[in-house]
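Take a look at the letters that make up each chain.
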Amino acid sequence: MIPYEDLVAAVLKKARSKGATAGDVMIVEGDSFDAQVRLKSIDKLSNAHEKRLGLRLFFGNRSAVCSTSDFSVESLDRLVEDTCYLARCTAEDPHAGLPEPTALVLPDLDLYDDTLHEWKMEDKIDLAVQAESAALGYDARITNSEGAGLSHASRRVVYANTHDVIGSYPVSYVSFSVSPVATVDGSMQRDYWYSAKRKIKELASPESVGRTAAQRTLRRLGARKIATDEVPVIFDPETAAELIGSLSSCVSGYAVYKGASFLAGKLGQPVAASSVTVLDNGLIPSALGSRPFDGEGLPTRKTTVIKKGVLESYLLDSYSARKLGLRSTGNAVRSVGDVPSVSHTNFYLVPGTHSPEEILRSVKRGLYVVETIGFGVNHVTGDYSRGAVGLWIENGELTYPVEEITIAGNLKEIFMDIEMIGNDLELRSSIAAPTIKISKMTVAGH
Amino acid sequence: MAKEITKAEEFFLKKFNLNTIQLEQTIGKALGKQIDYADLYFEYRTNESVSLEEGMVKKAAKSIGQGVGVRAVADEKTGYAYSDEITLKNLELAARTARYITTDHSVGKPVPVRSDVVRPDLYPIQTPVSEIPVQEKIDLLHQIDVLARRYDPRIKKVMASFASEHKAILVVTSEGRIVGDIQPLSRLNVTCIAEENGNRQVGSYGGGGRVAYSFFLENRRFEAYAKEAARQAILNLSAVDAPAGMMDVVLGPGWPGILLHEAIGHGLEGDFNRKRTSAFTDLIGKQVASELCTIVDDGTIPGRRGSLNVDDEGTPTHRTVLIEKGILKGYLQDRLNAKLMGMTPTGNGRRESFMHIPMPRMTNTFMLAGESRPEEIMRSVKNGLYAVSFGGGQVDITSGKFVFSASEAYRIEDGKVTAPVKGATLIGNGPDILKRVTMVGNDLQLDAGVGTCGKDGQSVPVGVGLPTLRINGMTVGGTQG
Numbered sequence: 001m002i003p004y005e006d007l008v009a010a011v012l013k014k015a016r017s018k019g020a021t022a023g024d025v026m027i028v029e030g031d032s033f034d035a036q037v038r039l040k041s042i043d044k045l046s047n048a049h050e051k052r053l054g055l056r057l058f059f060g061n062r063s064a065v066c067s068t069s070d071f072s073v074e075s076l077d078r079l080v081e082d083t084c085y086l087a088r089c090t091a092e093d094p095h096a097g098l099p100e101p102t103a104l105v106l107p108d109l110d111l112y113d114d115t116l117h118e119w120k121m122e123d124k125i126d127l128a129v130q131a132e133s134a135a136l137g138y139d140a141r142i143t144n145s146e147g148a149g150l151s152h153a154s155r156r157v158v159y160a161n162t163h164d165v166i167g168s169y170p171v172s173y174v175s176f177s178v179s180p181v182a183t184v185d186g187s188m189q190r191d192y193w194y195s196a197k198r199k200i201k202e203l204a205s206p207e208s209v210g211r212t213a214a215q216r217t218l219r220r221l222g223a224r225k226i227a228t229d230e231v232p233v234i235f236d237p238e239t240a241a242e243l244i245g246s247l248s249s250c251v252s253g254y255a256v257y258k259g260a261s262f263l264a265g266k267l268g269q270p271v272a273a274s275s276v277t278v279l280d281n282g283l284i285p286s287a288l289g290s291r292p293f294d295g296e297g298l299p300t301r302k303t304t305v306i307k308k309g310v311l312e313s314y315l316l317d318s319y320s321a322r323k324l325g326l327r328s329t330g331n332a333v334r335s336v337g338d339v340p341s342v343s344h345t346n347f348y349l350v351p352g353t354h355s356p357e358e359i360l361r362s363v364k365r366g367l368y369v370v371e372t373i374g375f376g377v378n379h380v381t382g383d384y385s386r387g388a389v390g391l392w393i394e395n396g397e398l399t400y401p402v403e404e405i406t407i408a409g410n411l412k413e414i415f416m417d418i419e420m421i422g423n424d425l426e427l428r429s430s431i432a433a434p435t436i437k438i439s440k441m442t443v444a445g446h
Numbered sequence: 001m002a003k004e005i006t007k008a009e010e011f012f013l014k015k016f017n018l019n020t021i022q023l024e025q026t027i028g029k030a031l032g033k034q035i036d037y038a039d040l041y042f043e044y045r046t047n048e049s050v051s052l053e054e055g056m057v058k059k060a061a062k063s064i065g066q067g068v069g070v071r072a073v074a075d076e077k078t079g080y081a082y083s084d085e086i087t088l089k090n091l092e093l094a095a096r097t098a099r100y101i102t103t104d105h106s107v108g109k110p111v112p113v114r115s116d117v118v119r120p121d122l123y124p125i126q127t128p129v130s131e132i133p134v135q136e137k138i139d140l141l142h143q144i145d146v147l148a149r150r151y152d153p154r155i156k157k158v159m160a161s162f163a164s165e166h167k168a169i170l171v172v173t174s175e176g177r178i179v180g181d182i183q184p185l186s187r188l189n190v191t192c193i194a195e196e197n198g199n200r201q202v203g204s205y206g207g208g209g210r211v212a213y214s215f216f217l218e219n220r221r222f223e224a225y226a227k228e229a230a231r232q233a234i235l236n237l238s239a240v241d242a243p244a245g246m247m248d249v250v251l252g253p254g255w256p257g258i259l260l261h262e263a264i265g266h267g268l269e270g271d272f273n274r275k276r277t278s279a280f281t282d283l284i285g286k287q288v289a290s291e292l293c294t295i296v297d298d299g300t301i302p303g304r305r306g307s308l309n310v311d312d313e314g315t316p317t318h319r320t321v322l323i324e325k326g327i328l329k330g331y332l333q334d335r336l337n338a339k340l341m342g343m344t345p346t347g348n349g350r351r352e353s354f355m356h357i358p359m360p361r362m363t364n365t366f367m368l369a370g371e372s373r374p375e376e377i378m379r380s381v382k383n384g385l386y387a388v389s390f391g392g393g394q395v396d397i398t399s400g401k402f403v404f405s406a407s408e409a410y411r412i413e414d415g416k417v418t419a420p421v422k423g424a425t426l427i428g429n430g431p432d433i434l435k436r437v438t439m440v441g442n443d444l445q446l447d448a449g450v451g452t453c454g455k456d457g458q459s460v461p462v463g464v465g466l467p468t469l470r471i472n473g474m475t476v477g478g479t480q481g
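Residue numbers (the numbering used here), protein chains in the order written: chain R, 1 to 446; chain H, 1 to 481.
If you are wondering where the hints come from, they were derived from the structure by calculation, not from laboratory data. Note that the structure is a prediction, hence the values are computed from the model and not measured. There may be inaccurate statements among the hints.
Said to hold, decoys possible - A short, non-exhaustive set of chain H residues, derived as facing chain R with CB atoms under 10 Å:
1) 10
2) 59
3) 78
4) 88
5) 90
6) 235
7) 236
8) 245
9) 272
10) 356
For every residue, glycine included, the Cβ atom is placed at its ideal position computed from N, Cα and C.
Given the sequences, and given the hints that come with them, work out the whole structure.
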């Protein structure tokens, strides 16, 4: 029996009786836990149970969405009334509507850890303490800490619509991170490292995460500013993933039909170097971006977004697909209180053949980027200008750290200028990339 | 205000069938020998939004959220539990959960609580914005659509949205206080996309605050928003690529105050200084800016987006002087960090919702006006950048490095504003940047009311403000060397 099956049926029935022609319901219910330790003692603990129901109703081509966390009969009656009222106020939109009736499929993607609720408080705290201790003990220059955090959440998602589609699946998420602070000559640097998975047993060891956090922080000490120049730029896998993340926003069907993406109208055209293949795959077992069906109940799938540099597909839900005369790619996401929108599942740049060392060796003078900050990416024009922290490369080797610089270019050229792709892809997050080298970008300093 | 507090208190007790005695008992259950402070935070909010694109309002949404958070504090430790079902049983469960931070099993006694009156209401609104018929808001968005398109035929897409929130909170503390507030918040946003010969550019503008719906109609404010978004988009059609390298920068008044927020404000939040991880640690009493600079955080300005009668711990908000004539004077504090640092809470303990633990956050942060005329400041620059509006910014609190992106900027050549530039990013070092301020304008402006600040995954509305400002030698990140 699907949780809330009767409740969902009652809400949709009530809506029909008020004149709604179609509709869907999404419920998300779950528990979450957060712990923060600092200097080996508990700083914060937070524990919660939440649930929320979102109702979308159509009156022909008009629609609206309302949500509530109160599941009482009176509250749900009011929710139906409110949604009907709002939907009648909106405009007729010929592209609005549920997707075509499609049977729900439920592949077992192994997204839920059923041991999570048995995890003892002491063991969770202990894991965070061990991770922080590993960082603090790594080097005498690690003098302080922003702490170590541990979070987990488990959720059940229920979806139903007036095509008699109903389905539900559980997911879990567990992660921990460490943020050490290093000092030298009175100047401080902070960095962090983390491990995020679906299951406890898949997490990296606290020692390795703490050690990596310490190493990443230490390598930023004694950073200098450099002169403005145009040089090759290597993005490490974390910052390369951010760059690929900008691409994922620009291939969203909504950005495309609104003309708010520099990739609008570019299907079938080369948009990146020929070595670039980018996939969105929602069916990878236990991956963080996987889900059995999307926010409209459509099956998720594997979509080739860029194949050998050519833009093959946008990411679409049924609305943006209708607007563009295409078919949904099963990328609808739905925050419970909002209309569906589009987002990636597991979105990644397919690895190349070069080892990260080989890529480094190919650069005589250039920048190895380890962090980017700020919001300087314009998806409409592709203009890119972000603050950066990195390491300066001389003769194929990392030398001193650099900061207070920006790297700039335009995404159109940046993706075309991808000269080398590393073999070091790891799905650490739902957007991932291996090390990449851009043949040239403007680095602004003094 | 007195009325508002009673209103919030009565509202929660009635709606969730609770009484004061039960609240007093719950606070008692959260306390213990080792737990020196506890509080309850009730929240009930209604959010409504309508948005227009392609000349149609196809999207309307409304959500109702409610919940309660129970916090227990023992020295530096905080235990927190929350539930979206406000019942006595859940309150007690949350109180027990919040106490996981200690091994103490003693249970405290009920704490008598008394309603606390703070000050005259900073945002007295007769009719909540959510009670204005949706159709009126939809009509307003249609007018904006027409106005923006009429501005210039090159405006091809207009997106406009109106969002409002009506939030009631009630804080009950183990210090015996019960404080409520009703916090309205509205925002109107317009984005235009202009197109010419395949060149596509975007412009955005908006505003709002803790205001009544009539605010957007006064002096046809909505029209000004529409035209401003259209003007920016059209302007950017002729913008050239931004220069790269070090140059003198003039910041326009108002929204560019985001520089203070990023470069200075975050580094002065009590938590980072208590943990000694801020680039401003131990700098109180030291010179951190040119003596032309006086910067305040003021949560008490009527109707502003960043203003609050009380913060989310029930402390009345203040006007806090952060920097006076270049000297660092104070930090922004919540209750926990103030206590641990032996300071006084400044009314900056804020949280996104009942699902979050409060922490020190800014309210409205701005620099006081100086004496220079804006024209005089412009004339003084030989070769530089004039930045008028910004997208967003970010800071690394520990190293002090910050960055923000200009959405409207121009070159300054020989004291004159010349070509518009696009894609400029400014980067600098917090404790250093304001030492380079050489002129401060007499034209202080607060922003139009669109700011949202994110910290540790919590978003809260904030305000910023700035007079025209000249900064010598800042790194501009563009592509043109």
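Here's how the hints hold up against the structure:
With 10 Å as the threshold, the beta carbon of residue 10 of chain H stays out of range of chain R, its nearest partner Cβ sitting at about 19 Å, so the hint is violated. Proximity of residue 59 of chain H to chain R holds as hinted, the smallest CB-CB distance being about 6 Å (cut-off 10 Å). At a threshold of 10 Å, the smallest CB-CB gap from residue 78 of chain H to chain R is about 5 Å, leaving the interface hint in force. Annotation: interface hint on residue 88 of chain H violated; nearest CB of chain R at approximately 16 Å, more than 10 Å.
Restraint check, residue 90 of chain H versus chain R: the minimum CB separation of about 8 Å is within 10 Å; hint holds. For the restraint placing residue 235 of chain H at the interface with chain R, the shortest Cβ-Cβ distance is roughly 13 Å, beyond the 10 Å limit, so the hint is violated. Interface restraint check: residue 236 of chain H against chain R, minimum CB-CB distance 8 Å, threshold 10 Å, status holds. Proximity of residue 245 of chain H to chain R holds as hinted, the smallest CB-CB distance being about 4 Å (cut-off 10 Å).
At about 8 Å, the closest approach between the beta carbon of residue 272 of chain H and any beta carbon in chain R falls short of 10 Å, and the interface hint on this residue holds. Proximity of residue 356 of chain H to chain R holds as hinted, the smallest CB-CB distance being about 8 Å (cut-off 10 Å).
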